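Single-letter residue listing:
Protein chains: 2
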Amino acid sequence: MIAATPQPPYYAVIFTSLRTDIAADYHQTAMRMVELAEQQPGYLGHESARESIGITVSYWQSLEAIKNWKQQTEHLLAQQMGREQWYTHYKTRICLVQRDYGFEKI
Amino acid sequence: MIAATPQPPYYAVIFTSLRTDIAADYHQTAMRMVELAEQQPGYLGHESARESIGITVSYWQSLEAIKNWKQQTEHLLAQQMGREQWYTHYKTRICLVQRDYGFEKI
Chain A
1 MIAATPQPPY YAVIFTSLRT DIAADYHQTA MRMVELAEQQ PGYLGHESAR
51 ESIGITVSYW QSLEAIKNWK QQTEHLLAQQ MGREQWYTHY KTRICLVQRD
101 YGFEKI
Chain B
1 MIAATPQPPY YAVIFTSLRT DIAADYHQTA MRMVELAEQQ PGYLGHESAR
51 ESIGITVSYW QSLEAIKNWK QQTEHLLAQQ MGREQWYTHY KTRICLVQRD
101 YGFEKI
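So the protein sequences, as listed, match chains A and B.
Under the UniProt record's numbering, the first residue of the first sequence is numbered 1, with each subsequent residue one higher.
Under the UniProt record's numbering, the first residue of the second sequence is numbered 1, with each subsequent residue one higher.
Hint data in this document are derived by calculation from the structure and do not stem from the laboratory.
Computed from a predicted structure; not experimentally measured.
Don't be surprised by glycine CBs; every beta carbon is placed ideally from N, CA and C.
In silico lysine-lysine, DSS-like type, Cα no more than 30 angstroms apart, as pairs: (1) Lys67(A) x Lys91(B); (2) Lys91(A) x Lys67(A); (3) Lys70(A) x Lys91(B); (4) Lys91(B) x Lys91(A); (5) Lys67(B) x Lys91(B); (6) Lys105(B) x Lys70(A).
Quick list of simulated restraints, FRET-style, between CB atoms: (7) Met81(B) x Val34(A): 32 to 42 angstroms; (8) Asp21(B) x Leu76(A): 35 to 45 angstroms; (9) Phe103(A) x Glu51(B): 17 to 27 angstroms; (10) Arg99(B) x Pro8(A): 15 to 25 angstroms; (11) Glu74(A) x Ile106(B): 25 to 35 angstroms.
With the hints as extra help, turn the sequences into a complete structure.
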């Protein structure tokens, strides 16, 4: 679903990735990371899709919240597994969301 | 592919959407919009994936470049078609990319 984020300003982390063909533990860990992120202070939501590339955007109240999530112990292990096993290439972009607008069909 | 963006700061537009089941003209228009965006001054790249939701992130040099793209004539028509035909729900977030880092397997 589209994340129900509050009025800006807030932060977004855009994580774009290319996968290897190693499937072991990937989906299980991805689901666990969502579960853990949702428990982090300052978490506001996330959106994710994968076709030829994967894009996951997570939303946060502050840079401090993003930093804490990056350093969460189980997440650090997942990041290491990501580099060793699951990804050939990724890019993480830390962004300040300055403005948003939307549309919803009645 | 993962967009080869320059050193931050630069801007990102995160467009998250849910589709209707109306396929007519959608893919053709989406491809045309990429072609047009690439010709816009200040365009830096884009990334896109769709599963249960679609996420398209486009990258830009400035807010001015984003505004000019939003108001591009053919793009305005596509936005209108989007609301009338292709999307049940979307959200657009305008972001300042403050920092990025990545990983690439050798």
